[in-house]
Structure formats: structure tokens, C-alpha cells
Amino acid sequence: MEKIRTENLSFYYGSKQALSNISMLIRDRQITALIGPSGCGKSTFLRCLNRMNDTISGTRAEGQVLLDGQDIYSSLTDVVDLRRRVGMVFQRPNPFPQSIFDNVAFGPRVLGMHREKSLDAIVEQSLRGAVLWEEVRDNLGQDALSLSLGQQQRLCIARAIAVKPEVILMDEPCSALDPIATLEIEELMQKLQENYCIVIVTHNMQQAARVSDWTGFFWLGELVEFGATETIFTRPQQQLTEDYITGRAG
Amino acid sequence: MQRSEGANLRLAAPSVEGGLPVRQGVGPMSIRSAFDQELQELRDDVLRMGSMVEGALKSSIQALKEQDQSLAQQIINDDDKVNDLRFKIEEDCLSLIARQQPAARDLRFIVAAMNIVLDLERMGDHAAGIATIVLRMGGQPPLKPLIDLPRMAQISQEMLRASLDAFVAEDEKRALAITPRDEQVDQLYNQIFRELITYMIEDPRTVTRAMYLLFCAHNVERIADRVTNICERVAFVATGRMEEIPSEPGTEIGLS
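In the order they appear, the protein sequences are chains A and B.
For the first sequence, this note's numbering begins at 1 and goes up steadily by one.
For the second sequence, this note's numbering begins at 1001 and goes up steadily by one.
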């Protein structure tokens, strides 16, 4: 089922064009991976999906990004609500220098939830959702920065899902993690996929091959090939894709 | 095989998003040279195994024609080397998959190599089967002059060589051009089959000697059949499609 669709999306940093005419269909409750060399536009594309690029001055988007059929770049869009619906997890875990509880409760509080009981419930639910609950349940008052990097990243995922988003964008969520923590996040993604639409940018092609249902290959700001992950990694249609995923270009 | 640290490190390297200029026009063979080297060694090993099998087939027919018992014994002994090489190649393939995480054409090539060596190993067994029959014949001349059987073996040998050439070139067209020749082999086999039947009907005392030749022909027929498997694998490497190459139904009779 369609969740996000981009139509001829182009993006500019000042006069420099970073994306040209990207049309992509992102399906709900599936994992879509974006791969490509550094500077190819995949992170720019990801940040277009919840208008994170708006915060960079001198940038401009053309074309459409439809979330459930509604253009998020229309003047009617409430950007705060958009970012609640389309959450984001970054490359390096970035918990706030607060307790584990306050990190997860941050979003719900901003959205006006203050009743202690419902906050307790939503924190537990989110930490369970991010498979962190069992490890931290007795230390919710502990400083989030004392957790391991892998736990911090799962905390950031818990923080993202606490506001009940529909889409989770992940920008290189494992690149700062060791292999085991990486596999834990990947495992978590498979679980989250049952309830969310997930889009992940990764430099690790094996990660894209392992976790995703759909893969898009970007090159110099263009979407060279998009298709089922199985097809992309066994019989890609484009020579450029083939050269990249077999490690011969890029 | 050398462990290719460079390629693995490169894949695991942290991102520098937006910081590096995009490299353009990087041609093949430029980055994964250690991996490419290993793929080349794999290709060479498959070819070497193919030529060992081709040699075994050729020698087995020669041993049959000349009733050369020591050559026959040599073929049987050498079959162990073919078997050993098959296991070496399979281990190398597993190692490549585990260490290099091949994808797309590289992955198809490695999987095809694993399948092809299985077929080659069985072809080697068929050649050794002919040699075993030669030993059983115990120096008695064949029942009849050998004309069709060497012809069958010759075509099969050419098919095998052409299929390995197509494998090296990863050329689907060349692979598909080989398979129709399997019908020629089948026709010759049928001809031999019918002829030997007439011998046996005419004089039942010839049954044992006729069966020796029939078994030999059958072994050759199986070899040609397995060449078509190799051709299917070559097409798979080239296109990613896994398809049986159709052959004429009912063109072979007797044992199969």
C-alpha cells in the first residue's frame, strides 16, 4: 500500500542541484533502503520526506512529496505535525542529556501530554517497541548518555516512536555502531516494519540487502534504479547499479 | 586465496555525507582487484577441471578402441583428482561468498560455478565408467567396429569445450548454440542402440559384449546431456534467468 509518493522531486542547495526529478513510491509497512555513494543525494532525498531541509537556508524543492496523497510542501501543511507523523533517527545516537524516561517522554510532553500515568504507559510502550525495556526498566532515571551507543540508538528510536509516527526515516542509523549493535537495530527494524513505514539511508549495501524490501540506487542526484531488493541484488537492470553493488564503481 | 582486506574495509567505511566529490567514470576492475583476482582463479579452476574431464572422455574412447587396460586404469585413478578439484572449487566458492558478499553477476557466477563443477564431476564419473567397462572386457575386441561411438564422443567433447568457452565469456548466445548438438548425440545413441539390438537378436551369445558397448554409449550420452546443464548455467550468469533449455522430447531411447 502506498504511503509516500514523490513526483519529479528536485532539490537545490542555492544554485547547486542535488536531486533531479525523483519519482518514487514508498510502501507502508515495508522497509525501503536508499543506497549510493557519498554526495549522491540519498540523505537529501530522505530529509525532503519530512521537510528537514527547510531548516537549511537557500534551499528549494520542486515537484511533489505526497504523504497519504497530500502534498507536504503545500502551504497548508503543519510542519510540526508533519514531523510528528514522519519521525527521524540519525547517524549518531543523539539522546538529550537527561534521564532515559525524560528522553522518551519529551515528544509526548511537547504535544501536551502531562498526566503521569499515561506518560508512564507511553514510555514503557515505546521502550518495549524499541526492544530496550528489559535492559533499562529498573533504571529509567539513569542518564541516557551512560547507555552504550547501541542502547542510545534504540533509545532514540523509542523517542521517535513515542509520538506515534506513521513513517520512520533513518539516516545511517548503524554507522556509529559495532556489528552486534548493528544487528540488534536491524532486528528491531524488522519488528517495527509491522507497524510503520520505514525508509533507511545506508552506505552498507549488505545491510540494505539484509533488511529492506525495496531498494533505490542514487547516483549524482538521480534515481538510477528502484525495485524489489531481491531483484536489485541478484539481477539489476542497470549496468551502473551492477557496478556499484558489486563494488566496482562509486 | 588471499584475503581481500581492502574491499571489506571499504564497504564498512563510515560515511562522509556530502563531503567528498563523487568519483565519476570509475571503470570495472578498479576497486575490487583482489576479489576480481579470486574470481579469475575460480574461472581458471573450472576450466582446468573441464579440460581434465574432456581428456578423460577422450582417453576412455581411446582405451576402448585399443583395449588399452593400463590407460583405462589410469583414467580411473585420475578421476580422484577431478573429484578433489571439485571439492576445492566448492570450498573456494563458499569462502568467496562468506568473505566478499558477492551480489548480482558476481553472485550468479559463483553459484553457477558450484553447479557446473557438480556436472563436471559426474561427467568425469561417466568417463571413468567407460574405463571400468574396458577393464571388464578384459582385452577382447569390441563386438563391432567402433564408428558411431567415437563420433558421439567427439561431438560431446566439442560441446563440453564450447560450453566452457561460453562460461568464460559469460555468453548466453554461444551457450544456446551448443544445445541443439545434443540431439545429434541422442540420434547416434539411438542408432547404436538399434544396431546392437539386432546383434543380440541374431545371436544371444553376443549379449554381454553388446551390453558393454551399450553401456559405453550410454555414458557418452549422459555426458552430452550434462553439457546442456552447463549451458543453462551460462545463460543464468548472463541474464539472471533460470530456465531449462528445451530439448526435443523422446529423442533418446533405452536407459537414461
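Careful: at least some of the hints might be erroneous.
[Said to hold, decoys possible] Every beta carbon over 12 Å from chain B, so not counted as near; a handful from chain A, in silico:
| hint | residue |
| --- | --- |
| 1 | Gln30 |
| 2 | Glu134 |
| 3 | Thr231 |
| 4 | Asp243 |
[What the hints assert, rightly or not] Just so you have them, the derived chain A footprint on chain B, three or more residues with Cβ under 8 Å:
| hint | segment |
| --- | --- |
| 5 | 1046 to 1055 |
| 6 | 1096 to 1103 |
These are computed hints drawn from the structure, not numbers from a lab.
Owing to the predicted nature of the structure, the values given are computational and were not obtained by experimental measurement.
Where is the CB? At the ideal position from N, CA and C, for every residue including glycine.
Hint check against the structure, violated hint numbers in rising order: 3, 4, 5
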